[in-house]
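Peer 1: Protein chains in written order, with our numbering: chain A, 3 to 440; chain B, 347 to 635.
No lab work stands behind these hints, which were simulated from the structure alone.
Do not take every clue at face value.
Here are some chain A residues pointing at chain B (derived, C-beta under 7 Å) [stated by the list, open to error]:
#1 S139
#2 Q142
#3 A223
#4 T281
#5 L368
#6 I436
Quick list of simulated restraints, FRET-style, between CB atoms [as the list claims (entries may be wrong)]:
#7 A/P155 with B/M464: 42 to 52 Å
#8 B/E495 with A/W162: 49 to 59 Å
#9 A/T398 with B/E495: 41 to 51 Å
We put the CB at the ideal spot given by N, CA and C, even for glycine.
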Amino acid sequence: MHIRMVTRIGLTLLAVILAACGVPSASQPAPSAAPPAPTVAAPQATPALNIDDWASVEAAARGQTVNWYLWGGSDSINRFVDEFYGTALKERYDITLNRVPVADTVDAVNQVLSEKEAGRDPGAVDLIWINGENFLSLKQADMLLPDWSRRIPNARLVNWDNPAVNLDFGEPVEGYESPWSSAQFQLIYDSARMGEDELPRSYAELLAWATANPGRFTYIAPGPGAFQGTRFIKGALFELSGGAEQWLPFEQALWDEHSPALWAYLNELKPYLWREGETYPKDENELHGLFANGEVDFSITQAIAGAGPLITEGLAPETARAFVFDDFMIGDFNYVAIPKNAPNKAAARVLANLLLEPELQAAQILPENGFGLGYAIDVTRVTDEDQRTALAEAQTQLGAAATPAADLAASLVGDSAGEYQTLVEEGWRQRVLIGAEQ
Amino acid sequence: MTRFGEPIRRWFALAPALFVTGLLFGTSLVYGLGQSFGFLPLIGETSLRLDAYADVLGGSAGREFWPALGFSLWVSGASTFLAAGGALLVAVALSDRRTPARGAEMFALNANLALPHMVWAVALLLLLAQSGLVARIAAALGLISGPSEFPVLVRDRYGLGIILHYVGKEIPFLALIVLAVLRTQGRAYDQVAATLGAGWWQRRLRVTLPLVLPGLAAGALLVFAYVFSAYEVPALLGVRYPRALAVLALDYFLNPDLGRRAEGMAISVVMTLVVVGVAGTARALERKA
Chain A
3 MHIRMVTRIG LTLLAVILAA CGVPSASQPA PSAAPPAPTV AAPQATPALN IDDWASVEAA
63 ARGQTVNWYL WGGSDSINRF VDEFYGTALK ERYDITLNRV PVADTVDAVN QVLSEKEAGR
123 DPGAVDLIWI NGENFLSLKQ ADMLLPDWSR RIPNARLVNW DNPAVNLDFG EPVEGYESPW
183 SSAQFQLIYD SARMGEDELP RSYAELLAWA TANPGRFTYI APGPGAFQGT RFIKGALFEL
243 SGGAEQWLPF EQALWDEHSP ALWAYLNELK PYLWREGETY PKDENELHGL FANGEVDFSI
303 TQAIAGAGPL ITEGLAPETA RAFVFDDFMI GDFNYVAIPK NAPNKAAARV LANLLLEPEL
363 QAAQILPENG FGLGYAIDVT RVTDEDQRTA LAEAQTQLGA AATPAADLAA SLVGDSAGEY
423 QTLVEEGWRQ RVLIGAEQ
Chain B
347 MTRFGEPIRR WFALAPALFV TGLLFGTSLV YGLGQSFGFL PLIGETSLRL DAYADVLGGS
407 AGREFWPALG FSLWVSGAST FLAAGGALLV AVALSDRRTP ARGAEMFALN ANLALPHMVW
467 AVALLLLLAQ SGLVARIAAA LGLISGPSEF PVLVRDRYGL GIILHYVGKE IPFLALIVLA
527 VLRTQGRAYD QVAATLGAGW WQRRLRVTLP LVLPGLAAGA LLVFAYVFSA YEVPALLGVR
587 YPRALAVLAL DYFLNPDLGR RAEGMAISVV MTLVVVGVAG TARALERKA
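Starting from the given sequences, assemble the full structure and let the hints guide the process.
Peer 2: And the structure:
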């Protein structure tokens, strides 16, 4: 009797210990509805993977599954990824695409960081759609595969001399990530509510417009994870200081000189904002909601296809149109990166290379395909005539909801040095949101 | 068995539960404490320092920490007070009648417990936002002419939406506690007081209230601790400033600058201390009861 009881308790304890040991892995999977089991490659079958011999990379990638973690908040983007890249990977390289949707890219970053802390190698993530502060986090934690992105074949199509490409929010890319697409800050209005001639075309005109239409404008609260808001503020800084280029190298004195005018402008605008600037939408989706509900008259987008993808998704009325100010509309690129502990590095490289294929680049820009972001490649570097034509043609088929290409090009400026990001965000919280005047 | 056998066996039987709790909670607590002292091997920081606390309590982060602490205390205090008062009224009303509370009423109280906070919060948002259902109906009836005329009930500076949420959600929870107390105590005291000539109000104040107060107070303190450390509802129904402590802590934790995690954890530790204090008070009250 006694022995049986002890045995039973012993067994229970054992079960508990086993369960407890299983816990770390159980709490790890991707924050998605159905966490797919990451396929882990057999302990590096090819010890010396020569990344400059592309045929050997493709051979090593054959049969692998690539676990691509990317923001999954848009159904149309998810569909685009599955249909265009999933199919091509399978047919051309015999690679299975496992698209892992995350609610926010920071979730994928935290997954990799916890893997580092737990000493898990290989991990679960092969490729992340990433840029800006999330790139900085992983680079800071030394968890990114170095020196690969300029050595994939299609890297020759990318203009690596462009500071907008080789700097990501001011942080040097240095071969840690490969571009996927480009975007540019734009505003959206409803052509059923106002005419094109009524649109403000500068920050100064915007202030005048807001004063005349109190409560009808707001912007996204700047901060980590809400770069669109930060970008809106930076555009104002550029206009108030009379130029964007001077902000490319970091210079504290320049900031000290011009930032008071920036806070003054924003505080002047504040009482005429939605809810009188008491609160601000926290992300793009919230602002789109306010716009669709008729609470405000402008929304913000980064898509080269303008309001097109939003209309496709039913997030904006059919009559929504994108437009830009005459100047200081920040454009940049977004990227994919491979974690150091990625289980299928060869397949991840093949996918990163596939993203830059000219015909897929031409497909990603079209609004009906659901992605609507711009090219990562420099069209003039494409040698194949047919592909060049296709790329040029796609740019003319963006539809009425997109900002005219000429307007985009005329207003395009690059982002500022990375150091300004925090200064803008913290300064905005202190000087505008909390509202302590200096 | 010897008289030493019993406690040993009891501890042995408790061991699995203690082991799991200790491992899961203990590890994260130790880990969280470590991070709050700047122990972040992730970025190569392994020395222990008090910088994060200094920054949160008196440094640049303090400018947001103190308003956030005040906001959290205000929201959880007001929610708890209103919910406890409401629960008392509901429970007394239900138990005061000749027939005890029946299926439908008990179901209404219990069903609410099964409803996740997120669902409640999103529902409130859809109903009460300036472009919500109620505002639309009001506009259709011609009561208001545009969204901005509808009163700001959610995502407001004073946390009214959050308080509304918790009051609605916690009244049934506390009412069930009070009802349970009333049911076990029976009507004897009440009837005795009545035969001695006590009026309705007198009986409620002198008999019912003292009977349910310890249980209600303990429950209310649990509600307070819960609301104080909750994240999702203040995140959904709150404004950008002031933010609840939990929202602020997570914001620091998710900051792309991994060094800011220390501040996030320091705020979490302060929150834990407050909650532990409240839980201790609740337990002491329970003992007294």
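Peer 1: Which of the stated hints cannot be reconciled with the structure, identified by number in ascending sequence?
Peer 2: The structure conflicts with hint 5 only, although it agrees with all the remaining ones.
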